[in-house]
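Student: Please work from the sequences and hints to get the whole structure.
Chains A and B, in that order, are what the protein sequence lines are.
Per the working numbering, the first sequence starts with residue 1, numbered consecutively.
Per the working numbering, the second sequence starts with residue 1, numbered consecutively.
Derived from the structure by calculation, the hints contain no laboratory data.
Glycine included, C-beta positions come from ideal geometry on N, C-alpha and C.
Take the hints with a grain of salt, since some may be wrong.
What the hints assert, rightly or not - Estimated spans, in silico, between C-beta atoms of each pair:
{"id": "1", "chain 1": "B", "residue 1": "N60", "chain 2": "A", "residue 2": "L105", "range": "55 to 61 Å"}
{"id": "2", "chain 1": "B", "residue 1": "N60", "chain 2": "A", "residue 2": "S112", "range": "26 to 32 Å"}
{"id": "3", "chain 1": "A", "residue 1": "T341", "chain 2": "B", "residue 2": "P53", "range": "18 to 24 Å"}
{"id": "4", "chain 1": "A", "residue 1": "G223", "chain 2": "B", "residue 2": "P53", "range": "39 to 45 Å"}
{"id": "5", "chain 1": "B", "residue 1": "P70", "chain 2": "A", "residue 2": "D164", "range": "46 to 52 Å"}
{"id": "6", "chain 1": "A", "residue 1": "D308", "chain 2": "B", "residue 2": "P53", "range": "30 to 36 Å"}
{"id": "7", "chain 1": "A", "residue 1": "E150", "chain 2": "B", "residue 2": "P53", "range": "30 to 36 Å"}
{"id": "8", "chain 1": "B", "residue 1": "T25", "chain 2": "A", "residue 2": "S27", "range": "55 to 61 Å"}
To be verified - Calculated from the model, a selection of chain B residues having no Cβ within reach of chain A, i.e. all distances over 12 Å:
{"id": "9", "residue": "H54"}
{"id": "10", "residue": "D75"}
{"id": "11", "residue": "V80"}
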Amino acid sequence: MASTTNRPDPAMPATGARRGGASGRHSAPRVVILVATRKGAWLYHGDTKRKQWRTDGPHFLGHIVSHLVLDPRDGRTLLAAARTGHLGPTIFRSTDLGRSWREALQPPAFRSGPDGGRTVDHTFWLTPCHANEPDAWYAGTSPQGLFRSEDGGATWSPFSCINDDPHYRKWMGTVQDGTPDGPKLHSIIVDPRDPAHLYFAMSGGGVHESIDGGRSFAPLLKGLEVVEGFDVADPTFHDPHCVRLCPGNPDRLYQQNHCGIYRLDRPGDRWERIGNSMPARTGDIGFPMVVHPRDADTAWVFPMDGRDVWPRTSPDGSPAVHATRNGGRSWERLDAGLPATQAWWTVKRQAMTADTLEPVGLYFGTTSGELWMSGDEGAQWTCIARHLPEIYAVEAAVLA
Amino acid sequence: MKVLIPTSLRSYTGDRREVHANGATLAELLADLDRQFPGFRFRMVDEQGRTRPHMRIFVNGAAVYELAQPLHDTDDVAIVQALSGG
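Tutor: This is how it looks when you write it as structure tokens:
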């Protein structure tokens, strides 16, 4: 697809996504929710009170969209990681908040190798680089690979040594070792204080850190547990589901792992299992991890049923967000407005997020195609959209 | 030679179901298609030169699996999206 154009949006002025305007005036901030699904992507534009939401979509109907991300450095560039059931993976890019799209000239792809080499099944994760690196992006793929673009997503190259490093290849395992829809590299994090300080995670393969701009990475696994009977020292057996860095304190990381919820305070290197203080009946298994944009003691999770065969549903069919306000010493169940019973959906690792407004807005999309939000940090929940395809990712961006 | 394009790839060809392309082999033909319609090839052939699992290519009605397959100017090539998936 060379390019597509969507119909003009009369409700959004041409400069609506830009920060300020030629006059220097600033309008009230609005949130746009970016929803990636198994069958396309949608944008939900909120009013200034986050009460009314206008639907823009579908974009790429029929494409499997793993992630849709707005570039916070310009407030108008979108990247979408997409493929179809038959066609190979690609990246679509819009510089006008989704009115028109162009396809990447060179999507993420592994180098060809003498042994036949690996093939990118899909790009799973997109992260804009540091504010001082305009137009640079990172991408994580399935199977696990790390890629970088220097030109706003038009062309992508393998990044760092990990894609071909023998140790990392061993830790990545095979497709057989990965999650049901393929092993993934995700949670690519850039330290907002230092573009050379990077983290990423692999399911499976563990959490890794670079302090030299990605020239080298090292595992960051101390304190993390693995499935009983496996070697905790081997990154192969580690399965981080989602890792987040706190913008309010970039020395603090939270992680939702296959084996619990953790917190890490740097320069320490030992993760602390803070999920032990979750209600016993709920447990601390889940996929998403969301952090507060300013308060590093506040984080949210969405527990799921990880017993016996891993039903991957809300525990007992009763979905709830859980929040900590003290760095994980205690957790509060937040379910007002959510179905009380017989709701057997859950939330994938990229499908829950927060905006940066006051109070913080929370958003999540479900495996059953519902989009939920809270305008008061989780105290009350409202369903914004129903009957969407299975939701893979939800991002919230504030447009000034 | 004539190349039949499946619906899933017609966003690249301006919605044309049939296009003309040249090449002494299937690999060259796909390279010519990618020159004409940038991005086309990678959607159906991966970075290791393998046709993607659910894409099929027929030359004069016969299934072809090797990109080294020789072609003639009079051949009819059909790119088909396999009846798989759901």
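Student: Report the numbers of all earlier hints that the structure fails to satisfy, in ascending order.
Tutor: Hints 1, 3, 5, 9 and 11 not satisfied by this model.
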